[in-house]
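Two chains, each in its own frame: build the complex with the hints.
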Amino acid sequence: MKFREHSMTSDTQAIEVSHLVKQFGAFTAVNDISFSVAVGETFGFLGPNGAGKTTTIRMLTGISPPTSGMATIFGHDIVRDTVAARQSMGIVSETSNVYTDLTGWQNMMLAAQLYRVGRTERDRKATELLQRFELYERRGDRVHGYSKGMMRRLTIAMGLVNSPRLLFLDEPTSGLDVESNLIIRDMISDLIRGGVTVFLTTHNIEEANVLCDRVAIIDKGLIAAIDAPERLKKTIQSVQSIEVSFDRSSPTRLDELRQVPMVNHARKEGDKFKLFTEDPTEVIDGVMAYAHTHNTRVTSITTLGPSLEDVFVKLTGLQRSGGGVTAID
Amino acid sequence: MGFQDRLSRELVAAWAIAKKDVAIYYLRPGTIVGGVLFPLFMFLAFTAGKLGTAMALIPGLIGITTLFSASSIEPVSIPIERRTNTFDRLLSAPISLNALVLGESLSGLLYSVVIALVVFVAALLILATPIANILLIVVGILLSSLCFATMGTLFAAYPTESPGDIISMVNVVRFPLIFISGVFIPIATLPAVGQMIAYVSPLTYANDLIQGGYNGKMTFHPIVDVAMLIVFILIFQLIANYLYKRFSD
Numbered sequence: 001m002k003f004r005e006h007s008m009t010s011d012t013q014a015i016e017v018s019h020l021v022k023q024f025g026a027f028t029a030v031n032d033i034s035f036s037v038a039v040g041e042t043f044g045f046l047g048p049n050g051a052g053k054t055t056t057i058r059m060l061t062g063i064s065p066p067t068s069g070m071a072t073i074f075g076h077d078i079v080r081d082t083v084a085a086r087q088s089m090g091i092v093s094e095t096s097n098v099y100t101d102l103t104g105w106q107n108m109m110l111a112a113q114l115y116r117v118g119r120t121e122r123d124r125k126a127t128e129l130l131q132r133f134e135l136y137e138r139r140g141d142r143v144h145g146y147s148k149g150m151m152r153r154l155t156i157a158m159g160l161v162n163s164p165r166l167l168f169l170d171e172p173t174s175g176l177d178v179e180s181n182l183i184i185r186d187m188i189s190d191l192i193r194g195g196v197t198v199f200l201t202t203h204n205i206e207e208a209n210v211l212c213d214r215v216a217i218i219d220k221g222l223i224a225a226i227d228a229p230e231r232l233k234k235t236i237q238s239v240q241s242i243e244v245s246f247d248r249s250s251p252t253r254l255d256e257l258r259q260v261p262m263v264n265h266a267r268k269e270g271d272k273f274k275l276f277t278e279d280p281t282e283v284i285d286g287v288m289a290y291a292h293t294h295n296t297r298v299t300s301i302t303t304l305g306p307s308l309e310d311v312f313v314k315l316t317g318l319q320r321s322g323g324g325v326t327a328i329d
Numbered sequence: 330m331g332f333q334d335r336l337s338r339e340l341v342a343a344w345a346i347a348k349k350d351v352a353i354y355y356l357r358p359g360t361i362v363g364g365v366l367f368p369l370f371m372f373l374a375f376t377a378g379k380l381g382t383a384m385a386l387i388p389g390l391i392g393i394t395t396l397f398s399a400s401s402i403e404p405v406s407i408p409i410e411r412r413t414n415t416f417d418r419l420l421s422a423p424i425s426l427n428a429l430v431l432g433e434s435l436s437g438l439l440y441s442v443v444i445a446l447v448v449f450v451a452a453l454l455i456l457a458t459p460i461a462n463i464l465l466i467v468v469g470i471l472l473s474s475l476c477f478a479t480m481g482t483l484f485a486a487y488p489t490e491s492p493g494d495i496i497s498m499v500n501v502v503r504f505p506l507i508f509i510s511g512v513f514i515p516i517a518t519l520p521a522v523g524q525m526i527a528y529v530s531p532l533t534y535a536n537d538l539i540q541g542g543y544n545g546k547m548t549f550h551p552i553v554d555v556a557m558l559i560v561f562i563l564i565f566q567l568i569a570n571y572l573y574k575r576f577s578d
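These protein sequence lines are chains A and B, in that order. Our numbering puts the last residue of the first sequence at 329; the count rises by one with no breaks. Our numbering puts the last residue of the second sequence at 578; the count rises by one with no breaks.
Chain B on its own, in the form it takes in the complex (with noise of 0.2 Å):
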């Protein structure tokens, strides 16, 4: 079997993986209160708190929703298919453990875009947002879409059935990179050690894209954000191929 065709086996596959996930996970309570209600009450309570007009806080809104939305399916999905075995279906199938993560990532990927699309839809319209380069903005949420799914598919391969189990570990590191990604608080007013966690953290980049979109102010060039999201994305995926194959036991 050549390399073209591997590929394009591939491909189907996970194509079908996240139609499945589209099909039956998007609508799911889990899926709406981490994926919508969480970016939505932690954007209002921002603006209620008054650390920044509505209109400033829109670029970190989108960094976040990426963030909660596409880390939201697989934490919810893949434990409810451990518990019914339809994951075994998938384990068993003749593709590679890459096309299953890959998979599971883009059904995480196509809810975060859809939903941070809505957010830049509905601030373009509200709030006639200005927008300084839109393909930075374009591109920040397709990166950091896949790069927070696959970091979703990377959690839930936690062996359990409990969706619980995989959300409560997810929160413990989606909420921290909120305070020291430079979302809402900017990274320069951090104390040192916070500023070098913020290097270390998926979101800071992302959100560095999103903001560079919206006003032009970035603190990295747009090179380096896009290769370090492309980075996490890859680590990502090989930490998770590598603990689906351990836990299959």
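Here chain A stands alone, though its shape is the one from the complex (with noise of 0.2 Å):
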């Protein structure tokens, strides 16, 4: 019977964490969280630094062990059981840790024996992922020779030449070129689609809501929220926002929509002007007044629900700075 529990857990859950807590000495880095990931969900994690975000990661690949609570990973306990919890899963950390001193094939060849990836297999399968990276032509370069983004690459390829049914994905894109952020992005959907299980760490707030099923959001050890994006933001509806650009620019122009009656908080973003309230129609009622006192015209208006970076704001209370949100790692 318990066997029984065991199996259908494993096979709708791949991660369960219940009551996770990690000490450093005095100071509490994870206090008593718990949630789970089903199968073939796409999960963000997100919260400012510090929040332990990392140390929630080291735990849940064993790298780290909980001060106590626990985790499971397709049912395989991460503490008792970590070889079986680790073949399921692919990991590819914050830092592009590949060897520079090896060739990027050398780099998945060591990759896949780890994980013990058959000889013939492996080959296949590093082929076909250096060349869905665009890598396949530099494989025999030594890694140091390689663009910061390439590297980053290599370092998701390491990670999915297993096959992973659980990907641990921490800060994927962040500060990447064009090319190879869209290279990545692709291939999360790809695997997505493919049914593989993602744990997401990011701070590209947009990214986590275009992706995920659900986000979880940390803050001092504790998980403020989780929920799927589209629900966390219905939460916050009192912050709703007007944006509106106008056919001349002003340097008093961010001042003076300040001044417009219910608008609460306003901010600059590239030509637009944000401004958030309790009460949009009341708002585009002043900004159009204001126009016309102004003699300008407004080229463009809209009117915004409360984005997943206003519900990571209002729940972890960061300021913000200039156009968005400070201290987010």
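Quick caveat, the hints were computed from the structure, so don't treat them as lab data. These figures come from a predicted structure and were not determined experimentally. Some clues are possibly wrong.
[As the list claims (entries may be wrong)] Here are the simulated DSBU-like cross-link-like pairs (lysine-lysine), alpha carbons at most 30 Å apart as the crow flies:
#1 K234(A) / K314(A)
#2 K272(A) / K234(A)
#3 K348(B) / K148(A)
#4 K220(A) / K574(B)
#5 K314(A) / K272(A)
#6 K314(A) / K274(A)
#7 K125(A) / K348(B)
#8 K272(A) / K220(A)
#9 K233(A) / K220(A)
[As the list claims (entries may be wrong)] Restraint ranges, calculated between C-beta atoms of paired labels, are given here:
#10 V553(B) / G118(A): 20 to 26 Å
#11 F576(B) / T12(A): 45 to 51 Å
#12 T120(A) / A352(B): 19 to 25 Å
#13 G305(A) / R335(B): 51 to 57 Å
#14 G40(A) / V351(B): 38 to 44 Å
#15 T518(B) / D81(A): 51 to 57 Å
#16 V553(B) / T127(A): 29 to 35 Å
#17 T127(A) / L356(B): 27 to 33 Å
#18 V501(B) / A228(A): 55 to 61 Å
#19 L182(A) / Q333(B): 43 to 49 Å
[As the list claims (entries may be wrong)] In silico negatives: residues of chain A with every beta carbon more than 12 Å from chain B:
#20 K22
#21 E94
#22 L102
#23 V117
#24 N162
#25 L191
#26 E207
#27 D227
#28 S245
#29 V287
#30 G305
Even for Gly, the Cβ is constructed at its ideal location relative to N, Cα and C.
This is the structure:
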């Protein structure tokens, strides 16, 4: 009976985390978090610097033992059954941890051997992945000659060489060129379509919004919220906004728009202004009146619901700086 | 997963780790200085100091060569891999810590065996050193290389990203071992305390096997030497496992 329960759980849940705690001396990095990730789900993990994201990943991948609580990967306890739990996962760490003194091909072979992929299969898989990531032509070159984007692509290719059922992706597109970014985003979309469970940490909130079925927002070691992006946005409907642009620019416009009735907060985003309010209709009337008074024309005006970034800022209490939020890891 | 399958998996992974180290670290300056030049200079110093003829000092040279070369790879490679985060790749692979420690140690073992063989063959060709029992020399080189490689892996568990930190710690152990293990100074001539310490030095048993292989004179029975070296290997492996687990945070 117990075995049957175990099998059913591992069939439906890729990750199960129960009351996980990690302490470093007196400091609690992760404080009693619980969540589960279903098989085939894409799960985003968002949080500011030091929130506990990396510590959580290190526990889920068996590198760092939890102080208390438990986590299972496809039903395998990550502490007691570490090797079996790891066999079905691929790990792409935040830094491109490739061996720069080895060639791209040697790196792929090493990763495959660590996961005991058979000789024929590893040759086939390495060829397929290097071609997919547009690295095949450079497979014989030492990695220290690769660009940052190429190293990142190789890191991800190494994480996929064992055809994992669960992929941990830690900041996969952070600081990359457009080409690498597109290749990696396409690959993640393909994996999701192929039924691979993805655990994604990213500071690119739009990336999480577009890719993830659910996101968890972690702050100070605690999970502040966990839900589908759209449902999270509905929890803060008070943070609606108006996006407006004018035919002429003015250095004093932002300050002037802040004075429009019912505008709680305003910021400039490129050639547009974003005005936060609880009453969009009132603000639209105010903006039109402002345009008339200042002899300018509104070229576009749009009502926006709260973004995932708004949810993040609200839940973590971060301060906005310029066009975005600061200190998001 | 059966025991045989598990063992095979662990050995494949250990061998992959060792091959990686061979490709990357054998020609690093820190490895060459620690593994080749140190024992060579030590040998020249003892020869110039007229503590024995070059021929008589060859067994000792092979002993300290295994000590220094076997324990010179991991103190360089592991801190570098911590700095580049590639060590996390090994720590998160589906292998046991035993396989990780063994894989790291294997590269030290191979490095040491190759250098010791160079010394052995050179001494044979240039000095025509007589050999009493080649099996003892071979077993001595293999076991001492694995023993000191595992010792190097153990020291490299200290959580630092600087090879210099580990090398300094290893040297605190390596240099005294030369003088209390009968390599150049016979154990019988040591003070009582030195003789007692000699019994807890793996180099004592390694040197005894190699000396016995060259001149037939041994302090211990060969089985005692082999057993003691195996015990040291197991102790170093267990402590290394514990430390890598403890410091993985």
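Hints, one by one, checked against the model:
1. K234(A) / K314(A): Between K234(A) and K314(A) the Cα gap is close to 13 Å, so the pair holds against 30 Å.
2. K272(A) / K234(A): Distance of about 24 Å is within 30 Å: holds.
3. K348(B) / K148(A): Holds, at roughly 26 Å.
4. K220(A) / K574(B): Since the Cα atoms of K220(A) and K574(B) sit roughly 26 Å apart, the hinted pair holds (cutoff 30 Å).
5. K314(A) / K272(A): holds (22 Å)
6. K314(A) / K274(A): Holds - the C-alpha atoms of K274(A) and K314(A) are around 16 Å apart, at most 30 Å.
7. K125(A) / K348(B): Holds - the C-alpha atoms of K348(B) and K125(A) are around 21 Å apart, at most 30 Å.
8. K272(A) / K220(A): violated (34 Å)
9. K233(A) / K220(A): Within the cut-off at roughly 21 Å; holds.
10. V553(B) / G118(A): 20 to 26 Å: Given range 20 to 26 Å: violated, Cβ gap about 44 Å.
11. F576(B) / T12(A): 45 to 51 Å: Roughly 36 Å apart at Cβ, these two residues miss the hinted range, so it is violated.
12. T120(A) / A352(B): 19 to 25 Å: holds (23 Å)
13. G305(A) / R335(B): 51 to 57 Å: holds (53 Å)
14. G40(A) / V351(B): 38 to 44 Å: holds (41 Å)
15. T518(B) / D81(A): 51 to 57 Å: Given a distance of about 55 Å, which is inside 51 to 57 Å, the answer is holds.
16. V553(B) / T127(A): 29 to 35 Å: About 53 Å separates the Cβ atoms of V553(B) and T127(A), which means 29 to 35 Å is violated.
17. T127(A) / L356(B): 27 to 33 Å: Holds, at about 29 Å.
18. V501(B) / A228(A): 55 to 61 Å: Given range 55 to 61 Å: holds, Cβ gap about 58 Å.
19. L182(A) / Q333(B): 43 to 49 Å: holds (46 Å)
20. K22: Incorrect as stated: the minimum Cβ-Cβ distance to chain B is 8 Å, not above 12 Å.
21. E94: violated (8 Å)
22. L102: violated (6 Å)
23. V117: About 10 Å separates V117(A) from the closest Cβ of chain B, which leaves it inside 12 Å; violated.
24. N162: violated (8 Å)
25. L191: holds (19 Å)
26. E207: holds (22 Å)
27. D227: About 29 Å separates D227(A) from the closest Cβ of chain B, which puts it past 12 Å; holds.
28. S245: It holds; S245(A) is separated from chain B by about 44 Å at its closest Cβ, greater than 12 Å.
29. V287: holds (50 Å)
30. G305: holds (39 Å)
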